[in-house]
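First to last, the protein sequences are chains A, B, C and D.
My numbering applies: residue 1 is where the first sequence begins, and numbers increase by one.
My numbering applies: residue 1001 is where the second sequence begins, and numbers increase by one.
My numbering applies: residue 2001 is where the third sequence begins, and numbers increase by one.
My numbering applies: residue 3001 is where the fourth sequence begins, and numbers increase by one.
FYI, nobody ran anything at the bench for these hints, they're computed from the structure.
Hints may be right or wrong, so weigh each one.
[To be verified] Output of the computed footprint for chain D on chain B, the stretches with three or more beta carbons under 8 Å from beta carbons of chain D:
(1) 1392-1406
(2) 1539-1546
[Unchecked claim] Result set (BS3-like, lysine-lysine): computed pairs, CA atoms no more than 30 Å apart in a straight line:
(3) A:Lys365 - B:Lys1114
(4) B:Lys1566 - D:Lys3052
(5) B:Lys1029 - A:Lys365
(6) A:Lys369 - B:Lys1029
(7) D:Lys3032 - B:Lys1579
(8) B:Lys1029 - A:Lys443
(9) C:Lys2149 - C:Lys2087
Ideal Cβ positions, reconstructed from N, Cα and C, are used throughout, including at glycine.
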Amino acid sequence: MILLVMIITPFVAAIILAFIGDRRFAPEANIFGSCLTFTASVALAMEVYKYGPILAAEKFFFVDAFSVYLAVLTSFVSMTTAVFSRRYMQREREHGRVGPARMRFYHAMFQMFIFAMLLCLLSNNIGVLWIAMELATLSTVLLVSLYRTPNAIEAAWKYFILCGVGIAQALFGTVLLYFAAEKVIGEGGEALLWTNLIEVSGMLEPTILSLAFVFLVVGYGTKVGLVPLHNWLPDAHSEGPTPISAVLSGLLLNIALYALVRCKVLVDGSTHTHYAGNIMMGFGIVSILVASFSILRQKDIKRMFSYSSIEHMGIATFAFGLGGPIATFGGLLHMLMHSLAKSSIFFTVGHACQMHRTQEIARIKGLFKGDPFVGWTLILGAMAIAGLPPFGIFTSEFLILTATIKDVPLLAPFILIGLAVAFAGLLRKVQYMVSGDVPSYCKPLEAARAPVILHMALVLVLAFYMPDFLNKWFQTAVELLK
Amino acid sequence: MISPIELSIFSVAAFIIPVIFVMAAGVTKRLLIHVSFSVSALASLIIAIAGFMAVAGGVTEQIILPLGLPALPFHLRLDQLSGFFLFVVGLLSFIVSVYSIGYVSGLAADRPVKRLIVFYNLFIAAMFMVILADDALCFMVSWEVMAASSYFLVMFEDGKSENRRAAYLYMVMAHIGAILILLSFGVMAGIATGLDSFTGYTFDAMREARFPLKWATVAFLLSFFGFAAKAGVIPFHVWLPEAHPVAPSNVSALMSGVMLKTAIYGIVRITFDIIGVFPWWWGALVLVFGLVSAVMGVLYALMQHDLKKLLAYHSVENIGIILIGIGLSMIFTSFNLPAMAALALIAGLYHTMNHAMFKGLLFMGAGAILNATHERNMDEMGGLIRYMPWTSVFFLIGCISISALPPFNGFVSEWLTFQAFLLSPSLPSPLMKLLIPLGAALLALTGALAAACFVKVFGVIFLGNWRGHNPPVAAEAGWSMRIGMMLAALTCLCFGILPSVIIDWMDNISANLLGATLNTTAGVYGWMWLTPVDPERASYSGPLVLVGIVAVCAITYVLLHVRPGKISRVPVWDCGFQKLNNKMQYNSISFSMPFRRIFGYLFDIKEQIRLSPQPGHPAFPEMQHYYLRIRDRFWGWIYKPFINIVVLLSRKAGMLQHGRIHLYLIYSFVTIIFLLALL
Amino acid sequence: MNLQVLAQINSFLAALVLLTAFAMLSQRKINSLVILFAWQGLFLSINTAVTGFVAAKHHLYISSLLTLSLKVILLPYILHVLVVRLKIRKEMETIMNIPATMLIGIALVIFSYHLTAPVREMSTLITRSTLAVALATVMIGLLMMITRKHAVTQIIGFLAMENGLFFAATSATYGMPLVVELGVALDVLIAAFIFGIFFFQISTTFDSLSVEQMESLREDN
Amino acid sequence: MNPLHLIFTEILQVLIVLTVAPAFTGWVDMLKCWTQGRASAGVMQPYRNIAKLFVKDVVLAQNASWIFRFTPYFVFSTAVVAASVIPVISMNLFLAPSADIIVLIALFATARFFTALAGMDIGTAFGGMGSSREMMIASLAEPAILMSIFTVSLAGRSTSLLHIVQTFSGGVLVFRPSIVFAAIAFVLVVIAEAGRIPVDNPATHLELTMVHEAMILEYSGRHLALMEWGAMLRFFLFVTLGIACFLPWGIAATDNVVEIAAAVFLMLIKLAVIGGVVVLIETGLAKMRLFRLTEFLGAAFLMATLGVIAFFILE
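Model the full structure from these sequences, guided by the hints.
Below you can see the structure in the form of structure tokens.
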């Protein structure tokens, strides 16, 4: 029931917002909708926490520990983003970068995007999962090109084409999966239901599943932003409006990774080898290395952080590929921490960019003096994302690295290099931006502090004190992904 | 009765108070500074006491905090080793906090003091946590917090580009080192428990595990290099002479005095406590690194004319000396000679403590000088002994101690190290027998050069006349700064003349780690004589030497003043030439000229003398221009190439993102084909 | 009619689909590309219908209708309208010369035949042999996107891939569950609208639809 | 044996050292004059100098700080303490265990440290030059001397002089290559440490060559006297240290008067001979250029190292 509420709310909100258009209270409505979703998700989470996995609407929806924690995360981040975007977009309008019509579009599509992501997480049917994933892409494509600048359009086009192609591959993989499942389960919708598939995964034909996994990993991997399928990501993240960048790298990547992990579990279950895992580890390593080296020479702040998203997705992918209790735990924790930290970073970056009216790192300076709040949250966030304690990302990286050392010691040096280089790159640029004197063209604006504080606080607290239910979720999720 | 570990935990928690106090609005800066630094001083003192009790008591306590991951809460452990380091860190941070009250008030006018206070306290608290940690996660978290907070302290004046550069370099090196340490923990935890559960990360689990030699070696090397990067062991030292000078002086006192020591702690903890058994060549490795750092460090220091940079290089040297002790101890342990190992280890640890004290003292003095003259370049100073009498005395004590001269503390630890060197004949391996005494020679060279260096430092800064252009406005340091320096100076003296007592106290450490003690006071001579091996072998009595010198001085003074002789003060005779001016004095550059001549090949030296001769008499130039630039060779040898490689790779990585959508599509196409081909 | 004949019809249609794919690969004119695309859709829907008849799967009729309406009528119409509106007349220049692409295409066909071998062995469906064709169509679509420099052609390639996928679904497994089919169709529809919008945006900002001007977001400088 | 005797011998030895040291310097100078065919001022000349300086008034530079005035006393007292530790005439010294060889060397180093500071105190070019050179020489000499001493203490299994002397003087004279090497090294270093030709020339005030004199150039009156006396003591003590290490025979083992007297007598003879050797070296060699010293001291260091190696290889 709650589940339905949770799914429906963003959809309805999208429609309503589409009708409201650009009234004065549209942003508030947006916030309200996401708050509703969030509360619903929390309630749902509590149910799952109490009664375990839920199977609803004749098996159409399925919620287990893995999906529900991502669902809560998604609705939470989207809520804070809505809060953030209220003032941010308003200011963009004042700067004349977006008009009323586009605001209408923006709000509607924002909710639609959330709807798509939640559908991804909650649907029990991997076909529907695919559809929702495509929907998520489509709903954000035009948001990326919201500013209608040449670059924005170029970015959106690449996003559209590359992800479209990727998703198409994923569909082919799904077809193959269905083909294999149908043999065992029999025809009809049943054969695409995750719950059924996971039961029979042992009996599925290995060769076909490994064939399918190739397409799945390329497909969903494109959305995760794994190198060498990542090229759309920096463009899309850097050219879109900042709230969208926040949700894109904070949430969408997670969702794609979620889908990938689900498939990986199936495939490994059937092949009884570490085939899928190895492929994911390979992608992970390559992503970490390429992304971290790309960070070094960035001139555009949002691009830089989107590369760091690639890096972190690489780490998480690697962790899930590695498997084992510690690594998987680390991977889950990493997804959580990364999306919190990264979205908050994008918030602060958004402020900084609006203050200086540019995304060029070279022209952003003296944040400590100019706006201490932004400056400190920015550098602390950067340190968090670069894997410095006391922030949670360090914990997950710690677990993942140590697990790596144990299982595949020879890969550890590469991760070491990756992390070190990424750290060096991020710190260099961010330090440059926060320190020094305030340039003349910088106009202080008051920042929407609440979301940033909230996220940073979570990232900080969860590193030291993880509530029991969260821990239980992770543990059960780890069990699921065995 | 509250147990030491609880005591220390509460006091560590107390460091939050200043942080909160800073956040609290409507507090005047003055009040803020006084309160917060008094709090941190008090807390540090309590922890020092707790540590002292822990060592003296000889018991080991463990506690699990309800923090961290549910499956892996923070384990804390207070044994003799950690107790000792708690004592050292606590003592110095107590002294420095007292000092900071005055020092920071001096900065308060135009600098972001709040930032300083917050990170200062975080920094100290993190150091304590590092020492208390008993599982890999807790250790790493505290370690990195320590690094990060000190990074912000180094970047205190973020307006200056050199500070930014230094801070950046420091942070990056620290982080890389941290990752190495982390990996080594990974190795140990992985071997220890196979990592199928989180308990593998506790040090206890690692202690119980028996490591296969291969993995033990990997773990050791990783951790050693990781810690070396933090301790500033050559060639990982490049960040150190950049970071320490630009930090506020109280911070550099702490960084150089105790932060480097946490790395020493880590090395001792991992090699002796966690791994336990190891081949001799580990010790040899540590020894060699120690020797190189000691000699090179002091030579580089000798070339500096920036006071704080010079002191920083001396930290490199002293870390080297400490490592010599530890390396020797490792060698003796590996040949199963616990008693000698105990001597070497205690020599190293004793020097750790001493270095903390006198380096802290020297940096505090440097801070006082900096406050008074706003000058870091020694060649602009001179004659300060007349403007800052107190500071000059304390600074002189620091100089004598660091130059390893009796009767101060630096000498004792170096003497112990020499004794350890002289035990080499009892080693089974002939090669070791032969090579180790040569190490002793290098140590001697280090000591002598250090003495030369500090003659230069004290002579140039405090003696002679002011070299600067405008006459000095230097004034004596405030009361709190003086108290701080005085406390440090007194400790230097005490550790110097009462070593046997302190070493008795330290015996618990070696008893705990190696199962052997020195029990020096058990010798025939009692507490007055320090007899590390046995009275036959070697003995040193600080008190007697001191008393003797003082007595003879006094007697001669009295004897010579029975007949009242008058002292007439006159200007120095200038041989009838042009009047003596202050530029004629020897300055640091000219003082170190002979050393540049002798050891020049170790540096990258650029020296130019431009003469503009008079038209009439070319022999008497109108003016001449002297230019000297001395560079650390290691930068060019190791770091430059490395950086170039990284930059090159990043350019290559950038090429992937060339903007052509067709090629992007080809990527995905090829990926598919590739993966399918893999099937 | 007996199964044999139907199977032959089926494979014949499959061959036609493949042929159209190749034709598109070689075609330079936009208009004829659109038409070819429509043909491919047509073959596809007929094939689906036949399969549905053979396997007595009635939801396949629906999806066949869906295909007919969407891929044969709607999309080509939209594309046509766009082409007219945006006055795209001139020939599309390709990155590689046509024969080379053809060769690669043939290689792809063989490759996908090799790949789908295990599926064929396991499958009992009469349509199983056409899976290779489906995969080949997907690949060729991708190839087309790669080799063409024009936004519209890239989209057509994309849609061709979509066709291939649809074809795969029907041939490998007598079609996916209906809900999925519908969802996919919906997505394609949305996609259609979106690229419609895009064409306008692009042509207004870059006053041409060639994707070559869209290379400013890059780092190799 | 009873502590009173210990203390008595202690005091006796200190007095002897204090009194004999200038005479030794005088003796060396005298021999030098003879070898150079000059008329000498006799053995007593140093006493006269010191006495004269003691009665003279002190003239201080205006900017001289307390360091400058404190140094003479300190230098002198370190020398006295050292004198109370080295077994010059007897092995039964009360204070002997309070410092071993390393401490002794360190004591001398401390004295040098202060002398160098005093040299820089006035802020003249000469003083700084002297300090700089002195510290340079010292930093090269110290490893060498420590190495040669290590050789001895490795052989004697101890760094405390008493035990070294006991071990060596106990046995008959055996030819140990390590000790020989060490002895040669020691001689070279003592020449450097005591500031004799060819390292330094105590008799000159030529700015190109002077080292020790440059540091004490600004001293006068009793301060100068103490400095001079300290320097003589230092020279003397180094020689006696050498004696204790390399030819310890005859140093009194018990505390009966006859033996001590014999020890004193023997010591005087040894000193006389050594003085001769020193003079031979000084007249034989010319003062070296400053930067040739590295080779000189390098040779000393090499010798010492050879000593250590020989100890491990040959014995």
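Hints, verified against the model:
Under a criterion of three residues with beta carbons nearer than 8 Å to beta carbons of chain D, the stated coverage of the region 1392-1406 of chain B is upheld, 6 such residues being counted. Note: the region 1539-1546 of chain B has 5 residues with beta-carbon separation from chain D under 8 Å; the three-residue rule is met and the coverage holds. Proposed proximity of Lys365 (chain A) and Lys1114 (chain B) is supported: the alpha carbons are some 21 Å apart, at most 30 Å. Taken as a hint, the Lys1566 (chain B) and Lys3052 (chain D) pair is honoured in the structure, with Cα atoms around 16 Å apart against an allowance of 30 Å.
For the proposed pair Lys1029 (chain B) and Lys365 (chain A), the alpha carbon gap of about 27 Å is at most 30 Å, so the pair holds. Of the pairs offered as hints, the one joining Lys369 (chain A) and Lys1029 (chain B) holds, with about 18 Å between alpha carbons and a cut-off of 30 Å not exceeded. The suggested pairing of Lys3032 (chain D) with Lys1579 (chain B) is violated, with an alpha-carbon distance near 39 Å, which exceeds 30 Å. Between Lys1029 (chain B) and Lys443 (chain A) the CA atoms are separated by roughly 29 Å; this keeps the pair inside 30 Å, and the hint holds.
With a CA separation close to 17 Å, the supplied pair Lys2149 (chain C) and Lys2087 (chain C) stays within the 30 Å bound.
Against the hints set out earlier in the document, a violation occurs for number 7 only.
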